[in-house]
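Respectively, the protein sequence lines represent chains A and B. The opening residue of the first sequence carries number 1 in my numbering; numbering runs sequentially from there. The opening residue of the second sequence carries number 1001 in my numbering; numbering runs sequentially from there.
Calculated from the structure, these hints are not laboratory results. Given the structure is predicted, the values throughout are model-derived calculations rather than measurements.
Computed cross-link-like contacts, PhoX-like style, restricted to lysine-lysine with a CA-CA straight-line distance of at most 20 Å: (1) B:1077 x B:1143; (2) B:1122 x A:67; (3) B:1184 x B:1023; (4) B:1140 x B:1071; (5) B:1126 x A:67; (6) B:1140 x B:1077; (7) A:15 x A:79; (8) A:67 x B:1265; (9) A:79 x A:54; (10) B:1196 x B:1161; (11) B:1122 x A:32.
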Amino acid sequence: MADPMRIRAQVAGDKATVRILMSHEMESGQRKDAAGNVVPAWYIQEVSATLNGKVVLTGEWGPAVSKNPFLQFTIKGAKAGDKVGVIWKDTKGDTRSDEATVS
Amino acid sequence: MKKFVGGVLLWSAVCVPAVWAQKTAVQSIEEYRAMLQDGNPADLFEAKGEDLWKQKRGPKALTLEQCDLGKGPGVVKGAFTELPRYFADTKRVQDLESRLLSCMETLQGFNAADIAKTAFDKGEQKTLTALATWISAESKGTKFNLSQAYPEERSFYEVGKRLFFQRGGPHDFSCASCHGQDEKRIRLQDLPNLTKNPGDGVGFAAWPAYRVSNGQMWGMQQRLNDCYRQQRFPYPGFGSDATVALAVYLGVNSQGSVSVAPAIKR
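My request is simple: use the sequences and hints to build the entire structure.
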C-alpha cells in the first residue's frame, strides 16, 4: 500500500484551490542502478479528482513527472465542507485514494 | 573639470538601470525556492515520521513515545532547537539522530550499531530521517538555544571548532574552505559563513531538508556526510562524536536564529 497523499483545499471567493502532494518514486525507466542494470519504469499513469463524488479533473501522466509530485488546480463553485477526493493509479496497478474537506 | 564630472554622471545613468533590470542568479533561485515551498515534499516525510513515532516497532514492539529528547520523556515540541546536548543516561553529547538511535535501541530493541552502518535512505535509516523530519517540524519557528552548561558540551564545541578548521585530504580542504567567509558561492549556490551566526533559517537552521534535485530527504547527519564526501575525507560515521561535535559548533554559532526545518533545497 502506498503512502498517503497530503491534500489541502481552500476556498477563495467562488473557487477553491486544491494542493496535492503525492508520495511516489516516479521511476522514469531511463536510470541505471549501481550495477548498470536499468531501473524499471514505475510511475503514476492516471490521476483523477472529484468534488463530492463528481469527477472534476482527470489526467494521464508519464515518466517525465518528478518524484513525489505536487499538483495544484482550482475548482469553480466549491464551498467549504465539500469533499475533494483524489485517486491515482501507477504502472504496477497500485492505486491510492485520499479525501479532504474544503475549508 | 565640469565636463569630466558630467561624463561620470552619464556613465552611471546608463549603467545602473541595466543592473536593476536584470535579476541576479541568486534572486532567481530565491524565487524558485519560494515557488516550491508551498508543496514541499518534506510534508510527506513529516507525516510518516509522526506515524513511526507512535507505532509499536522493533523486537520489543514498543513505541518511541517514552523517548527523552532532552525535555523529558515524550516531549517533542521545542526539543529540536536545543539539540545537540549532553544526556546523563548515555553519558554522551548527542544530536537528534544519534539520540533517536539510542531510543530505538533502548526502547524498541533495535541494534544501534547495525542501523548506524546502514547506508542512508535504506532500511531503518529511512525511519530515522522521517522521525528527524517530523521532530524538527515540531520546533519550526523556534529559536536555537543550545546548552553549554555541561563541561562535555563546552569541550564538544571546541572539538567541533577544530574539526571545522582542520585541513586535509587530497584537496587540502576544511569545512572552513567553503564556509569560512562571507558571500562565497559554488556555481550558483550561496555558501553561508558558518564561523558566525548565518541568520534565521540558514545553515544549521535549515536541515533536515528535502533536496529537489535528487528527491531525497536529508537529515543533518547526511548533510555532514556529504560535506566530508566533497572534501574527499572519510566520513567519521553515523552519529559519531566528530559529527556531533561539528553539530554543536554549528548549533551554538546559530544561537538565537529561527529554525525553518524541514526546509527545501535545490
